[in-house]
Each structure stands twice: as C-alpha cells, then as structure tokens.
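Enquirer: Using the sequences provided together with the hints, build the complete structure.
Residues per chain, in single letters:
2 protein chains.
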Amino acid sequence: MDNDSSSRIAVRLRTWIAGAAPGARLPSTRSLVAEYQASPVTVQKALQALTAQGLIESRPGVGTFVRAVRTARPSDYGWQTAALGSPQAPARSASTTMRSSANDVIAFHSGYPDGELLPERLVRAALTRAVRSDAALSRPPAPGLPELQSWFARELGASTPAGVTPPQPSDVVVLPGSQSGLSSIFRALVGHGQPLLVESPTYWGALLAAAQAGVRVIPVPSGPDGPDPEELARAFEETGARLFYAQPNYANPTGAQWAAQRGELVLEVVRQYGAFLVEDDWAHDFSITTTPVPIAARDDSGHVVYLRSLTKSVSPAIRVAAVIARGPARERILADRAAESMYVSGLLQAAALDVVTQPAWQTHLRSLRHQLQARRDLLVSSLREHAPQAHLSHVPKGGLNLWARLPDGTDLERLARDCESAGVIIAAGTEWFPAEPAGPFIRLNYAGPNPGAFPEGARIIGQAIERNSR
Amino acid sequence: MDNDSSSRIAVRLRTWIAGAAPGARLPSTRSLVAEYQASPVTVQKALQALTAQGLIESRPGVGTFVRAVRTARPSDYGWQTAALGSPQAPARSASTTMRSSANDVIAFHSGYPDGELLPERLVRAALTRAVRSDAALSRPPAPGLPELQSWFARELGASTPAGVTPPQPSDVVVLPGSQSGLSSIFRALVGHGQPLLVESPTYWGALLAAAQAGVRVIPVPSGPDGPDPEELARAFEETGARLFYAQPNYANPTGAQWAAQRGELVLEVVRQYGAFLVEDDWAHDFSITTTPVPIAARDDSGHVVYLRSLTKSVSPAIRVAAVIARGPARERILADRAAESMYVSGLLQAAALDVVTQPAWQTHLRSLRHQLQARRDLLVSSLREHAPQAHLSHVPKGGLNLWARLPDGTDLERLARDCESAGVIIAAGTEWFPAEPAGPFIRLNYAGPNPGAFPEGARIIGQAIERNSR
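Heads up: the protein sequence lines correspond to chains A and B, in order. Per our numbering, the first sequence starts with residue 1, numbered consecutively. Per our numbering, the second sequence starts with residue 1, numbered consecutively.
Be aware that one or more of the hints could be misleading.
As the list claims (entries may be wrong) - Examples of chain A residues lying across from chain B (beta carbon under 7 Å, computed):
hint : residue
1    : S86
2    : P176
3    : A329
4    : P359
5    : A360
6    : W361
As the list claims (entries may be wrong) - Ranges of calculated distance between the beta carbons of each label pair, as one might list FRET restraints:
hint : chain 1 : residue 1 : chain 2 : residue 2 : range
7    : A       : D377      : B       : P141      : 53 to 63 Å
8    : B       : A21       : A       : T290      : 35 to 45 Å
9    : A       : T290      : B       : Q53       : 24 to 34 Å
10   : A       : P141      : B       : S421      : 46 to 56 Å
11   : A       : S100      : B       : G274      : 30 to 40 Å
12   : B       : S301      : A       : A21       : 22 to 32 Å
13   : A       : R366      : B       : P141      : 51 to 61 Å
14   : B       : W79       : A       : A158      : 22 to 32 Å
Derived by calculation from the structure, the hints in this document are not laboratory data. Cβ atoms here follow ideal geometry from the backbone N, Cα and C, with glycine treated the same way.
Expert: And the structure:
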C-alpha cells in the first residue's frame, strides 16, 4: 500500500469532494498545509493527483474548484482481464431461441409457446387470488409450498404402476424454473470436472447448465426411438459417468418419444452402472397423439431424478418447476438450491397450484392438444409442399418443434441470414449438439405466433435452402 | 449388460404390467412360451424375477396376477453413496435464521423483517396492477426490465459524486434475489478452487454461496469500523485473491458502518491489487440514524461490484435484486445468470418497480426508519436491564440486528436450547464466522414480530446466560 502522506491527503480530500457541490471552492493550499500538518509540496502533489483524476480544476490566481461537469469518460476495464483470467468453461453464445421478435416476422425460432396457447384467463384469475392471499407477503419453506409438493408428487404417482412405491410429497423440491433444476442437478450430483452423459442432439439449455457447472459433457447418439442401450452402456463403461441426462418424451429438438420397452432397457443400464437418469419431462403438457408416461414412474430405487416445469405451459411469468428425487440425491439438490436462491416466491407457487388444480386447466390442456396438432400438421404439410429438401425423419407425437435435416453442404449461417432478411426467423440446429453437429439441421417451432403464415414461411425457407445448398 | 432372453422377457412383461390393472391375470406360461419363442424354463425365470421385485404373485393352481397392493417398501438408497461420493464442499447446516416459528414464541432469530414492517398495501396494489398488465404473460429480456434497470442505476447514481461517471442502466443485471447474485458473482468472478476474501464475521448466506461455488474462503477480521486496510492488503498479497466480499453499510451481523474515509482506503487497496470489491448493500432500505452511501458510487473503474436487494424491504414474495457491474465482469455475471435461470419473472419485476416508484414508498421508508429505531432502542435497553452480561460493542445505526458478545465460556448450543424451551428463539453467532468464532456471540433481530415482548425476551436470555456461562 502507498502510505505516503500525499496520498493520505488525496484520500481525505476525495471524501470532502464527494460531499461537495460541483463548482465548490477548495480550501487554500495554506489552510490545507495547516490542516494536514504537511509540507506545501505534499499538498500540491495531492492536488495534482486529484486534478489528473478529473475531480478538481485549478484556475490560476483564483483557486481550486470541484469540477462542475460530470464527465462520462469512456472507461478502460482492461485491468479486469488479468483479474478474471480465462473463463472456466468456453462461453456458449446466447441462444437464438431466446430472441424476441417483431410482430411482422414469421417466428419459427422461439423456445416458448405463443401467448394465444397459454391459459390467460386462468393465469390472471389465479394470480389475482394469490395477490390477495398470505402468499403475497410471506416466505414459503425452502423445498416448496407443501400443497404444491403434493400436486407434483400426485402427478407422477398417477403413472406409477403396481408394485412401485409412488413418490412422496417430501421427495419434491420446487424450483424457480427447470433451468435452475438442471444447474443444481449437474452441480450437486455430477460435480466439477466429472463426466456427464447426454443425448445428442439435446436441449441447449442443458448444455449451458453443464458448462456452467464445469462438468465434462459426453454425447450419446439418440434417434427417433431414443438412445441405443448398448451404446449407453459402453459410454458408462468407458467414462465412469454416473449420470445420464435425457428427454424420453418429445425430446427437444428431435421430438423423439422412446417406446416403453426402450425406456425399460435404458433404466436397466442405468441401474446396472449404479447411475442416475435425469429425466427432463419438459413437454409433459404438450402431448399431441400419445400419452407421455415418465420413466420416473417405474422407479422407486432413486435412480431417476425427474424434472417437470410449468413455466412453458402456464405462463413465462410463473417460473415454477419441480425436481423429484429420492434419498441422498434429493438432499444434495435441496442443499444446492438453498445456497443458490433460498426459496421460490410463494406468490408464484400459489398461483401455479391454483391454475393446475382448476377443472378449466384440464379443458385447456385438451384444447391445447388440438391446437398443437393443427399447427404441427400445417407446418408439416407446408414444408412438404414448399420446402421438400427439408427432410423430417418423423412427425413428432408431442412437443413444440419439428427437426429437419437439410441437404448436405447447406450453409446454415447463410441460410438463417437469408431467411431473416425475408422475414422468417429459424434456429440453426448447431446449438443442440454437444460436439460437432451430425449434419445440417434446423429446428422449427410450430407454437409461435400467426400459424396462418406457416405456408409462406415454408416457401421462404424452401427458396433459401435452394440458394444455400450446393 | 445382461442380454439373456429371460431378462428381455422380464422387461417386456414389466411394460405389460405397468399398463395392467392391479389384480389382472398374466397370460399362461404356455402362451408366454409361444409369444416369446422361449423355453418354459426361461419364461419361469422371468416370472420369478418379477415376483421377487414384488410386481406379480402366483397363486398355485390358479395363475399369476399383477400384485394388487401398492407396497410402500422402505427403500435402501445406499447405492447412491457410491454414485455421489463425498460432497465437494462440506455441507453447512440450514441456518437458524430461515426457521419459521409459531406465534407464541419471542422470535429474535429471523433474517427477515416482520410483516408489519412491510408496505403491505403498496405491495398488493402493485401486484394487482402487474397481474392485469402484459407482464403476467410475457418474458422479459435476460438482464431485466429496462425500466427496472434504469431505476437501480439511478438509485446508485444519486450518490455518485462529481467527477465519477454514474452507472448506466445497461450495467444492471436484475436477479431473482441477492442470494442468486452472490452465487453468480463467486462462480463467475472467482471460480472453483480460487481464493475469496470475506469479512469475519460476515453474512452466512455469502459463506453458503461461496461453499457452493467451491471457492476458498479467507477471513479478514472486521470490527465496528470495518476491516483494517493494512490487514486487507496483507491478505491480498499473501493469497493472490482478486475479490473481497463486504457489507460496508450496517453489516450483517455486526451492524458496522464503515466511515467514508475507511471506505476510500479499502477501495484504494482493492484498486492497488487489481481486485474487485463486492459490496453487498443488503440494508440500504434499513438505515436508522445515518445515510448509507455505497462505496460503489465512488467507483467508475469497474472495481466495485454492487449488490442491492428489494426482497427484504418490499416483500419476501417479490424476489427481486440487482447487481451493478461494469466491463467484462458484468458480461461474466450475466452469462452465469443466463445459464442458471434464463430470466427473472417479469411479473415480479413489474411489481417491484411499481412499489419503489410510488410516492408512498418514500413515506413508508421514513416510517420504517422510526419503527426500526424504536425497536432497536427497546431491545438495547431491555438487554441492558435484563441481560447485562450480553455486551454490545456499539449500537448499530441501521440494519435489523444487534450483535452481542457473551461471557467467555458460554455454551451457545445449550444457551439456544434453554432459551427455546422458555419460548425465545435466538441465533448463535457461529453461523456468521467463516472459521472458528472469535468468541461466543449471539445475533438478535429487532425486526421480528411482537416488539412488546422484547423486555420479557431479554429477561429469559439473561437468565439463560446466567445458567450457561461458567
């Protein structure tokens, strides 16, 4: 530390300046010499330092004054480069799916359903009731409102077959959105530098959470029927991983739904390797022609950690999700949540519970199913007609997205730019791959605004593919 | 993997059982032999496995049936012990300050102000307006609602002296509570295994976030005037740390407020070591007899990362806080927030902004100041009269807590138990120390329910100290 007297004087004067009006006159050098018991040279040195910092200005023959102008100097934060060093994980750029867009574009990129697919009246009524209740001014227990814990446990319990112990409310930890759950699970159950198996392609948000947690991501290929159990076993064997992250129902981005038997086989492999399956049931409320039966329903040995969100189906403002886990794993996750955010707003929890326990919620889900089916079918037929080069390996039975394989050699970046300049936003498939993409894919969300424009959107995409594939 | 045919049959039958009603009869062994093209011995082996798993039961001479009873078997999650290994950070137990308590106890332990100190009408009115607005159904930008960013920037800018560039709205990242901010800052700016300097004693939630981030905590002693700058310089020098976490105004738990000059000196040391000061301004709205001037207001070189929360002063249901940081540090923090939770509920952001921009908010803050003063003075005088052994090194000029030093040799655990059995909950000071406590301290919150019972509470504490000190 620089302890010499001129910097001590500068520090004291800076405090004085901080409290002074712009333009105020500083005490004369003579009185400063007396006050600080220092030599005139020392005082002068302090004043020069403050002048250099832009805090004061001296008018020769008149005096020294607090600078009147609040300078908005451009700052150089270069020193931070040394303090911060390299990031621990390579930064993933912001996802296309989080972009908001103007009203006049055809938006296929979003990760969220359009407002017209949300139960608006239900949400506003539930929030209004919650605002009037105790929930608006109180703090709920760390694991969540007990009634909401029970609801999440009952939902999973409803699919639990005979002979399997259904989850208990105390197995549930309420979360402020499922992204927080992914972060906590990877931090708490995998840990820094340890391996994590994921489907490839898989949800970009999970890849982001994995990078943040500093875990080592190992891709396991996954197709329309899910991952190959033998391939999964090999990955566990080779890496020593103890956790596999997957979306067995209507995976994002592919829309794949595992057959029941495939699920059983995967679960057997997970059990055999003494590992966890993290089942991200993100699209539970977005089924179209099948019923999503969680794999977690068939497990009572603590091997499946189950994640379910309400944010996308209820409202983006109601960030409420839950993780269901048993045994020490649940304790680790809860401890991480407590360190991360203490608890989830009781107001949002009360409103979410209110929405999903209204009879109108079931009516809404039925109508949503029909709307999603109509939108999906319209986009599928539009693509077949106007963009036949975009190959769909299958039509998803739920979820919000189509996953299309484009001709080899398509330049995805140029394609996306071309589409955008023609008023169509698409998401390049690259974001969903933990490593190199297996080919040029795009993801098209059929739950966005204005489905009437789907044929026109498909036409623009078809033309852009024409121009951008060799 | 066990690929033999009996387990393949078991897997398929389990799927069948999952869809069957309890009590349903399984196909005969003969038809299973035909269906699976397997020997009777193989089929029998599969059935035995399913019986052992409690899924089916055979009634000799009658047939095999899906088990009717949903057994709630006690599960053994011992396998998880191997999968999880030791926790990366030693677990800190749940804080006393988060306990909720019955109405008939005298509660000095909480970290939150009682409901009667909250602006209830303002909060409900603001929430009601937010529920009717777009915020109830839309997703705000990741860094926060622009108007709320501006408000946070203006608040800090109001204390910014001449010659210092005030913070811009774009320097603000809105958070779902300040705990999330601490976690993000430690993860993003310190990183796994790296050193972090903290005041000792300091906020237990910061110690929890540090443990979660896997950083190495190094205590710097801090008294009623703040840390000794020379001591701080020595700690930077010896550890190579690049970040110092502190609460310069009304520190939790001690209530200390640094003098302006002390703040300048600390900032000089931080600058000299090319480091960050994380200023946690948790009690900005809880001043009593002084004005809290953030140190961040005097810095435009990106050395101070400033944290301000509204959760405690507005409502525990409105989890909204903000971090103000400049340069690459802000980018790192924002990237961590995006990975952790994408965005903060727009409904809560809109309601928070509404509350703090009402004229009634200023009226509320003035009345809160008087209430806190009356409560603090009552608890101080009650302790002096009924528990003179509890020594207060100073009377805090803001915040919510008294920090009392008890006689050497006091058994804090027994003391807390004794108090509790007499209807008084206190928080042992141990939680606030990153290492061994510097002595037996207790923290007493004077913002809890029922201040009328403070004298009685002090009497019980005094008697318990009598019994538990040697």
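Enquirer: None of the hints should be skipped; say for each whether it holds.
Expert: Evaluated hints:
1. S86: violated (10 Å)
2. P176: holds (6 Å)
3. A329: For A329 of chain A, the interface hint holds, since the closest Cβ of chain B sits about 6 Å away, which is under 7 Å.
4. P359: violated (21 Å)
5. A360: Because about 16 Å separates A360 of chain A from the closest Cβ in chain B, which is outside the 7 Å limit, the hint is violated.
6. W361: Result: violated, 16 Å to nearest chain B Cβ.
7. A:D377 / B:P141: 53 to 63 Å: violated (33 Å)
8. B:A21 / A:T290: 35 to 45 Å: Violated, since A21 of chain B and T290 of chain A (Cβ atoms, about 20 Å apart) do not stay within the stated range.
9. A:T290 / B:Q53: 24 to 34 Å: For T290 of chain A and Q53 of chain B the Cβ distance comes to about 26 Å; the hint holds.
10. A:P141 / B:S421: 46 to 56 Å: violated (23 Å)
11. A:S100 / B:G274: 30 to 40 Å: Holds - the Cβ-Cβ distance for S100 of chain A and G274 of chain B, about 38 Å, lies within 30 to 40 Å.
12. B:S301 / A:A21: 22 to 32 Å: At roughly 24 Å between Cβ atoms, A21 of chain A and S301 of chain B fall inside 22 to 32 Å, so the hint holds.
13. A:R366 / B:P141: 51 to 61 Å: Violated - the Cβ-Cβ distance for R366 of chain A and P141 of chain B, about 33 Å, lies outside 51 to 61 Å.
14. B:W79 / A:A158: 22 to 32 Å: holds (27 Å)
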